[in-house]
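Q: Residues per chain are reported as follows:
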Amino acid sequence: MELDKLPKPEEMQIDLTPPESGWMDTPVNMRDGTYSYPAAAKNLKILDMPNPREWSVTADDWKLPQNWQEIILEGFKERLEKYRSFKLFMDICVRCGACADKCHFFIGSGDPKNMPVLRAELLRSVYRKNFSTLGRMLGRFSGSRELTLPVLKEWFYYFFQCTECRRCSVYCPYGIDTAEVTMIGRELLNLVGLNINWVIEPVANCFRTGNHLGIPPHGLIDMWEFMVDDIEDITGIKVDLPVNKKGAEILFVTPSGDYFADPGTYTCMGYLMLFHELGLDYTWSTYASEGGNFGLFTSHEMIKRLNAKIYAEAKRLGVKWIIGGECGHMWRVMHQYMETMNGPADFLEEPVSPITGTKFENSKQTKMVHITEFTSDLIRNGKLKLDPSRNDRFRVTYHDSCNPARAAGLMEEPRYVLRNVVNNFFEMPENSIREHTYCCGGGAGLGNDENLDMRMRGGFPRANAVRHVRDKHDVNRLICMCAIDRATLTALMHYWAPDVEVGGIHELLANALIMEGEHERKLDLRGEPFSGEEEDEDV
Amino acid sequence: MSQTLEHLLLKKRSAILKRWLDLIFDTYPADGRSFFASRRNRIANPVGGAIVDGVDKLFDWLMQGEKSDVRDICVFLDNIVRIRAVQEFSASHSIGFVFFLKHAIRETLDSELRKEQLHEDLLTFESKIDSLALLAFDNYSQCREQLHQIRAAEIRNRTSRLLERACQKYGMPSEW
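Chains as they are written, first to last, in my numbering: chain V, 1 to 539; chain C, 1001 to 1176.
No lab work stands behind these hints, which were simulated from the structure alone. None of the hints are false.
If you only want the chain V side, here are some residues facing chain C, beta carbon under 8 angstroms, derived:
id: 1; residue: E20
id: 2; residue: R31
id: 3; residue: D111
id: 4; residue: F226
id: 5; residue: T265
id: 6; residue: P429
id: 7; residue: L452
id: 8; residue: D453
id: 9; residue: F460
id: 10; residue: N464
id: 11; residue: H468
id: 12; residue: H494
id: 13; residue: Y495
Where a beta carbon is used, it is the ideal one built from N, C-alpha and C, also for glycine.
Please put together the full structure from these sequences, using the hints given.
A: In structure tokens, the structure reads:
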């Protein structure tokens, strides 16, 4: 056989190189696994939102109103006038590129439109065409373009491919917050009925029944009682379950995701055990039964509508202040929007821990304290009996959830609690934690199952950092402080690091908590034996 | 003095690997390509890191000849295939990167292969690349299967406690 008869390299090569077209000329590819399903008409009707209808993302016809361009441009104009920050973000980007390689979706996919600068450019190009004289004059040369149907489809694809995690904004020298650009982008899409069901259904449920899954009050109480039973099996103690208790000192609000889905349920059991042990005068509420607020992923008006129940319930029950559970975006809403939107909370008192006497001065305005602030203060003042060796089976790392870390600066308290309840704690590399933390890839309503490929791409930088500490320190438990994380990181670890389990801070705290009158505890909250005990029994 | 294919492959190792990497990175859009190819910290550029490490190990494994054990290479192959299985590629595009090595070798060693008449050795070596591609195909299928399992588990887990409680309350079997 002669070598000359073998195919030449160019003959055997199948061309896998993508076409080199500019970003404006590269249409979106609505590939299964990378987009979310549209909002169901019934949910839009519940919320009085525009253009309720059944439609499909992959269809050519999105059943838009005839004058959809006019509606969007009018909405654009209104928001430019209303939000000074938005106007600024449209004008001041100098394309320095500092943000370009900071988005987890870009890092995982290499898709240029996932670079924050280009994601914002999707709006800026239309802004220049319609609201900037220079842009109008120079046309495409200035990076401006018409608002056409392909452009609108691009908006839908990429604004529902941003988790509003704000990592890019940490690096922007001008402080441009791309999450806010995405928020406005989504608001504009909402005006013509382009929304995703994973956002709008929880919003509609929340609006009707107070929580994302639409569980009525008796269903909630049933779930909490279920946890009380499980706790009794594990500890021998029947913990208190105060619900809708008028005159209680504290109202407790937490994301409802932790009521129904493992592993969030174990964190929820942890709260019940801690509050019982303290003898805290507090209450759960079947009305303010949801800490999460998917209004944040819909519009500013929707944030306000859904958030209103928190202060309303605090007022109705006559509590003095509020504690919030382990949460992500909930804390951004409570910390940054609640008081402005639904305050002033002048009927509440400045939060003071009844156990330690500590004044939470940082919460003077909102009257709401994060549970890790509350618990770390208890530990600091020696009010809890803890046996961290019960968690020795776990080699733990901590994922900073985007919103508490970047939007609210809550970085030390969770670590302080963890260091006191486990003996084996390992940080992930510096450029992946604290304000540099990588998103789970499923926040801002993108944590649905149909969007799984995209979640795995976007979550890869986080998973890669977890694999780093797994390989270096044998880490087997990833702790986070957010109900969405507990759900999405579980899937992420299943794919990228199957030997790492996901859990919450108060699950580990409750494992370590020595309770008054508990029987000899052999099992953790998941019903699994504490380290070593199984072997001892066999001897 | 005549040279064996093995000698040539080892002598031109870095040029072959560079070409192989270029061909793999060329499957991404321009901005993604330059980012993945950049030598950033592995935490900041995990995709590029996995591909650079991976091709290095895959090449060494192929060079081991008879002694090579499939288990030695599965981790590194998986590190690349697992990423490409969720990126914007079809199945053939996802694992097609393995065949790029043939291209890289023929292109880099073109004149030497002709001069030394090493075509039969090359075919033997290329058969091994074909085996690697089959391993990659298995790996890819496992990844996609796993994604389906994750989807099913997510849907089930979302309301698992609720169903468990309902079953308990109404005397139905709790396993489902």
